[in-house]
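Kindly produce the complete structure, drawing on both the sequences and the hints.
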Amino acid sequence: MKRRFIDACVYVEALESPQAALDTLSHFGYNAVALSTSRASEYEGLLEVVSKLRELYAGKLDIVSRVDIVERSPPKVKKLLSKYRRKVELVAVHCVNVGVARLAARDGRVDLLLFKPSFQFKFDRSEAKMLVENDKLLELQLSVLLNAPGDAEMSAALNYYRNILATHQKLRSRVVISSGAIREDMLRAPKDMASLAFILGLSEEEALDAVSKNANKRVEVNRFKMKKSFIMPGVWVEEHGEES
Amino acid sequence: MKRAKVRYLVFDIHYGKPSPFSLMNELNAIIAKLYGLLLYAKYKPQLVLFDETTCTGILRTTNEALPYLRASFLLLKSAYLHVHKVTGTALKAKKLWKNLYAAKSSSLANA
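In the order they appear, the protein sequences are chains A and B.
In terms of the working numbering, the first sequence is numbered consecutively and its last residue is 301.
In terms of the working numbering, the second sequence is numbered consecutively and its last residue is 98.
Misleading hints may appear alongside valid ones.
Stated by the list, open to error - Under the rule of at most 20 Å between Cα atoms (straight-line distance), these lysine to aspartate or glutamate pairs were calculated in the EDC-like manner:
1) K(-8)/B <-> E261/A
2) K282/A <-> E296/A
3) K136/A <-> D119/A
4) K64/B <-> E241/A
5) K64/B <-> D242/A
6) K79/B <-> D38/B
7) K140/A <-> D119/A
8) K248/A <-> E51/B
9) K20/B <-> D208/A
10) K91/B <-> D242/A
11) K274/A <-> E128/A
12) K4/B <-> E241/A
Bear in mind the hints are in silico, worked out from the structure with no lab data behind them.
Below, the structure is given as structure tokens:
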């Protein structure tokens, strides 16, 4: 079966023309893209943009809504999670410190945990264990490498990602690689992103899953959960004798 | 020693219009920076064909070097090389490039 590639994070708030970016992604061979915002004030606007673009790109590109939570205090993260969870298809938490990272790994409302070299918290074995136990996705963004101002910063970022993936290899947590693009020129083809994951230590199959299967599966599950017929895991209302 | 399998990459360029010379210089510099001089000598790609008007071309490399080369495309700053197809023979690569060239030149003419 042909792989359905997904770019799990494009920041729509910073793009000059979202349509041009989506055309480029479609040209690169993506089947889906998650449009995100990290500002709470932009959230309503994001849903509007997503619904408009869904109509425009129907049958061509699957548009997924996503929100990034960037907060330093765990109670604030919890508040934002309860606000967004039922409204968007993907929820990502930036693990800026230990408290937020541990909360995100435990909380069932979080889909993706994002790690960057600039964060205080460094990914460790116990965090990886919690990710695996709670079926969470670990996200690495390419924009970190593209925005690195010099060689030293780029090598530090590559080393950081290599260490994360080495820890991952031992515990087999699931990884997602996204562009995290804030400009159109930061968009990249899925197989090139998979190649980066491959040279950083993932197997060929895992690297391709990181830009396709892992995020797609999560979107599917969340879409099902967002339906009105869904009551709780394992319980849903059947309509006309069919699963809805 | 087993001979490495050759791969031809048919590509087009996004977000920039570099000359073939500057493109290869930047690409070689990134490969050397990422993998070191030893692997640079092993994985160094060759530019077989390049058309400056449509910014399309063909690169020659080996099967082993392919993922390393693709990862280095990600980090190019002046332009982005988008690989359309990877093939094992020069003849098929030229055929694919001709199709890409025709599509690109018609879109340029329309614009």
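Right, here's what the structure says about each hint:
Only pairs whose Cα atoms come within 20 Å are accepted, and K(-8)/B paired with E261/A is accepted, the gap being roughly 18 Å. Under the criterion of a C-alpha separation no larger than 20 Å, the hint pairing K282/A with E296/A is consistent with the structure, at around 16 Å. The suggested pairing of K136/A with D119/A is violated, with an alpha-carbon distance near 29 Å, which exceeds 20 Å. The straight-line distance between the Cα atoms of K64/B and E241/A is roughly 13 Å, inside the 20 Å bound, and the hint therefore holds.
Straight-line distance between C-alpha atoms of K64/B and D242/A comes to about 9 Å, which keeps the hinted pair within the 20 Å bound. Among the hinted pairs, K79/B with D38/B is consistent with the structure: their alpha-carbon atoms are about 17 Å apart, no more than 20 Å. A threshold of 20 Å between alpha carbons decides the hint, and for K140/A with D119/A the separation of about 24 Å lies outside it, so the pair is violated. The suggested pairing of K248/A with E51/B holds, with an alpha-carbon distance near 15 Å, which does not exceed 20 Å.
A hinted pair counts as satisfied when its Cα atoms are at most 20 Å apart, and K20/B with D208/A qualifies at roughly 9 Å. Between K91/B and D242/A, the direct Cα distance comes to roughly 19 Å. Compliance with the 20 Å bound is thereby established for this hinted pair. Among the hinted pairs, K274/A with E128/A is inconsistent with the structure: their alpha-carbon atoms are about 27 Å apart, more than 20 Å. With a C-alpha separation of about 16 Å, the suggested pairing of K4/B with E241/A holds against the 20 Å cut-off.
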